[in-house]
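Single-letter residue listing:
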Amino acid sequence: MAEHATLWRPRGAWDLYAHAGRHGRRKGPASVTVIPREGLALMSVTAVDGAEERLAAAVRDRFGLSLPEPGTALFSGETGLIWSGPGQWLVLAPTRGTLDGLGAALSGLAAVADQSDGRAVLRLSGPDARRVLEKGVSVDLHPRAFGPGRTAVTSVAHIGVQLWQRDDATYEIAVARSLAGSLWSWLDEAAAEFGCEVRG
Amino acid sequence: MRIRCPYCGERDNGEFSYLGDAAPVRPDGLEASAEAMHDYVYLRDNRAGEIRELWYHGAGCRAWLVVTRDTRTHAISDVTPARDVAKARAAKAHVTESVGSAPHA
Amino acid sequence: MLDRTPNFPPPSAGEGGPRVSEGRERGAPFPETSPPHPLAPSPAEGRGLGDQPFRTSSGGLIDRRRARDFTFDGRTLTGYHGDTLASALLANGVRLVGRSFKYHRPRGILSAGSEEPNALVELRSGARREPNTRATMAELYEGLEATSQNRWPTLAVDALSVNALLSPIFAAGFYYKTFMWPAALWEKLYEPMIRRAAGLGRAANAPDPDTYEHAHAHCDVLVIGGGPAGLSAALSAGRSGARVILVDEDFCLGGRLLAERREIDGVSGPEWVAQAVAELESLPEVRLLSRTTLFGVYDHGAYGAVERVSDHVAVPAPHAPRQRLWRIVARRAVLAAGAIERPHVFGGNDRPGVMLAGAVRTYLNRYGVLPGSHPAVFTSSDDGWRTVADIAAAGRRVAAVVDSRPDVPVALRRMAESAGAQVVAGGQVVGTRGHLALSGIDVRDSYGSTLRIACDTLAMANGWNPVVHLDSHLSRRPVWDEAIHGFVPGQLPTGMVAAGAASGRLTLADALESGARLGAEAAESCDFRATATATPRTDPESTAHTPLWRVAKPKGKAFVDFQNDVAASDVELAHREGFRAVELLKRYTTLGMATDQGKTSNLAGLSIMAELTGQKIPAVGTTVFRPPFTPVAIGAFAGHHRGKEFRATRHVPSHAWCLENNAQFLETGLWLRPAYFPRAGETDWLQTVVREVETVRGKVGLCDVSTFGKIDIQGRDALAFIERVCANPFGTLKVGRSRYALLLREDGFVLDDGTVSRLAENHFVMTASTANAARVMQHLEFCRQWLWPELDVQMVSVSEQWAQYAVAGPRSRDVLRRIVDPGFDLSNEAFPFLGAAEITVGGGIPARLFRISFSGELAYEIAVPASYGDAAWRAIMQAGLPYGICPYGAEALSVMRIEKGHAAGAEINGQTTARDLALGGMLAKKKDYVGRLMKERPALTDPDRPILVGFRPVDPSQRLRAGAHFLAVGAEPSLAADEGTMTSVAFSPSLGHWIGLGLIRRGAERHGERVRAYDPVRGGDVEVEICNAAFVDPAGERMHG
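Protein chains in written order, with the numbering used here: chain A, 787 to 986; chain B, 159 to 263; chain C, 0 to 1040.
Worth flagging that the hints you see were computed from the coordinates, not collected in a lab.
Worth double-checking, as some hints may not be accurate.
These stretches of chain A come out as covered by chain C in the derived footprint (C-beta under 8 Å, 3 or more residues) [claimed, not checked]:
1) 940 to 948
2) 962 to 976
No farther apart than 30 Å at their CA atoms in a straight line, the calculated lysine-lysine pairs in the DSSO-like style are these [unchecked claim]:
3) B:Lys245 with C:Lys924
4) C:Lys552 with B:Lys245
5) C:Lys925 with C:Lys733
6) C:Lys554 with C:Lys615
7) B:Lys245 with C:Lys615
8) B:Lys250 with C:Lys925
9) A:Lys813 with C:Lys643
10) C:Lys615 with C:Lys552
11) C:Lys926 with C:Lys733
12) C:Lys554 with B:Lys250
13) C:Lys924 with C:Lys733
Every residue gets a Cβ at the ideal spot worked out from N, C-alpha and C, and that includes glycine.
Construct the complete structure from the given sequences, taking the supplied hints into account.
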């Protein structure tokens, strides 16, 4: 198995693209910080018609969270439920593998599919994070229209994304893994004027 | 154009793709006639005025929607999930069939 | 949300993009040197300061302490910070700035705004050269380079001005008539001649070095225009707490308040503006966007605007875009775009020195420039006299005032006479004198006598047209307002109201009142409590006006559309020749079709047609205005999406390895797929591809097939759903098995093909082809949500979750034995052809294994979580070393599928049925499915339809070409003789010659027959033999092994 350990290492979705360090404007402090979120556990949960209430109860038992309404996300620490379509949610947990067995647990109530590897997730924060996003997101992100606990399935620069806000100046954005490079190239350019710090 | 998705809220029309008139109903089942299927696939009214049409929120929540739009002004008066419309239609058809005692194949 | 200091041009776009403001220089909205009231007598009559002979000694909203050197046609001149190129040119006495489009007539500066038709120049040089830029909108910066255009060799001596002598040829309808000349001469003679002679500026030949970006903004109230009405609207909406965006195309907010000597509540216009702007800047939900043109109005409150972030500096600051395209969504909009003054139509009205009266006031009051030393005024309205007053207030003399109205108020006459002006009431300017610039005018007085008056500037005042372009963008027509003799907005777009001059309320008092009221109402309708503040007091003004649509019997050409060189005589010609409807008039004469979209010309053209046809102007109608309001650089629309970023690129899970190993890539939709992997010593792609195919057929190969769509389908009715969307039967598909899947469209044609694997009783995974994956997902969602919502089906795309690799070739099982975790039996008996299993690899990593083969060899597809895609690829390559494994790309994959006769994108092209693709045999007979009935239409079951078969060249050395048409041997090429087309070709390493797939009439019955593959485009004409499409292993034994 030693051979496995050296050979079978997961590769981060942002490995080829998001290099740690200062990007864009050099002057002054960076007003945007980007953290590639690797190693998350992410599952899509699609409710069986008519089983929504039982699903909500099962989810509450397991995560202590209700099933969020359309356009919203609920978090308990770093574990969250994010609405992602009619009758569909993403379950997010900080460590790969922690959601294993969810499919069996929700059997008959929902179809569960692992998406941990399919989505590349970035955390974008800082005083100018919203201004960066507004260059690509056509959804209104003003605090009167969006805010912590809100989510949107939309696109950025013609790339499909799901976006959710964690706190006043922190957003997370999920993109199809194959498109991580293109999203990064947009983000790098959009954030350049503010100065952008990419954490490893 | 802006379309108010019942799930996602108002979005640019670029997030949606258009299919067309929502009125034709697919003649399901092995007993459906070729003529009925031909009408379903090809025959459309080309109305100037309000029309109910199918749009797909492909860059959003992936819901098919029935959008009521005035073709002369683009004014949109209603947007409903297509699935809800289809279920209501099926329920109505079921009632009609039960009344007419024609068993559904 | 304050983005910048909008009301004085910042020195440069600093880093920080939208926040270009680096604080106001010296902390004042206007230069301290500028007194609130901008005009003061100059020390020497007719002379300004130093080398700017037409600059007043003081006044204006320019900063005289900050000189700006610039060049025009190579000559170095000096202006001031706060100038436009136009005002700086006029200050330097430069009046000739361009040559006209068709006749190369000398042209000057007509206006002081975006309506400018004449003063178009090339700005900058090299890769940044931009043609057709309005000098009136170009902000002066140190080192600005401007070049006049459409002249040769120089502006003053333009050889092509002989076109003016040919003017009968270039008259209305010229293009249409030219096309009727001998056609042979068109391409060789006329077109090159016209292209050289007529035109505007030259685009840069090098790629644009600057960047552009997009941004989105949302607001409750959008205010379009930053003049008195717009500022008032923004104030009353902004004070309510509503989210307000105010856009203005100028670099200073204020509109005509910067250009007129007006008082509001006892302070000057500019002072009032400064106070208003300061308050707006203090409101957190108000965003002020100056240098921003709102160019388009779209349905449901969507707007397009372009912000010129860096056009006022020589080179954008690091990380700053040149321009930013805004997409604004607003619940309400207040259109306060103002009005555009109307020129008079008289002989020689295009001579440099003839200007709009409002523009003369702008240059004088805002820029401290009086464009001439002997100005005259030609007016049909009271506000034209304001020009006289302003010139007099600057201590200058006025040569003459010609008012086309017979009755001139005594007070105005006295005021003019005290400024030294000769007053001609009831007179008309009929002609102009001078060559490259105005030296005098011919005036016909009320008695019919002609007077000659010397002057070097003529200010025309003929009333104002509200800017009705933006409110007309949604096909809404403006309506005629007899009170102002102009068009005003008709039914406005939903959510939009018009205020101030844009609505036909031409006085300052009305602008302030309507702006404040409508701004408040807009905020109220967005559920904010807003009140319109009391309308401030203003000094009195008169808008009395009797329009003079054209001067009778003009001396010389009387221009209607300056930019397109359309004269009153062209409108007459169109009328004579029957092109009287407004849309025909426009197209026949090109009136209003230039880059200025007829901002100064449309009404003049309509009024002349009205006169000629005996109609009232509104009966003639108006043409439709469309976006953009002013030209927008293509780069702004493209934004980030240039070059490699034109569209997004998808990378396969093995991308890093492919980069490390010299893969050559191929674009398939958004995907960048490895096409082939050249090795040292291989000299062309074919050599590499042949080696890859031979390795797969002889040993083993590895190919990244992650690009296929993968759809997870679960639910009690999952199988029933699959049965309805697939044309072949699935009832017998057992758990742990895969099957080919054929999907039709409802009209009977093939949509796509793929596989369906049953992972558990109610759990399936369907694959779709790379190109059709999104379309198939949309189709399945349609079926699930709209056609059969009663089915219990849950569906989600897992395309991105799984890295999927084909391991193909006789040694593939040996390789996989070293990959799958111990305990899984790979033997043919335990895991036969079309097996599907959930397994683990690498010591417990979940994986899926499918025994499916595209190559026709013993083959597997192994799927691992995409994070492990890179590791799995490297592990398989390492495990395959002893067996001679090589990676193969999309090219070898394609060669092998052609060798096997599998249909792919070239055959599944939206025009083929299952039968056409020789797949008719698998169609289910006992179930309903999408496309079942329509595929039976007579046209789709016609035995004469082209059917998929194979083709081999009779002479094996000959190359085949996809796209060739099939003809009977000896037949003449004709549409009737066409029997079908070659869809895919490849050089077959297995057979040692070219092979092809194609669709040919009754192909199935014609094996062995010879036909021509005729390809006239590439000179191909090859005799081919029709054969079985499966060139290699037709019995399919290898993949079962």
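Each hint, compared with the structure:
1. 940 to 948: holds (count 3)
2. 962 to 976: holds (count 12)
3. B:Lys245 with C:Lys924: holds, 28 Å
4. C:Lys552 with B:Lys245: violated, 75 Å
5. C:Lys925 with C:Lys733: holds, 19 Å
6. C:Lys554 with C:Lys615: holds, 26 Å
7. B:Lys245 with C:Lys615: violated, 58 Å
8. B:Lys250 with C:Lys925: The given pair, whose Cα atoms are some 28 Å apart, holds under the 30 Å limit.
9. A:Lys813 with C:Lys643: OK: A:Lys813 and C:Lys643 at ~29 Å, within 30 Å.
10. C:Lys615 with C:Lys552: holds, 21 Å
11. C:Lys926 with C:Lys733: Holds, because 18 Å separates the two Cα atoms, which is no more than 30 Å.
12. C:Lys554 with B:Lys250: Violated. C:Lys554 to B:Lys250 sits at ~79 Å, over the 30 Å cutoff.
13. C:Lys924 with C:Lys733: holds, 20 Å
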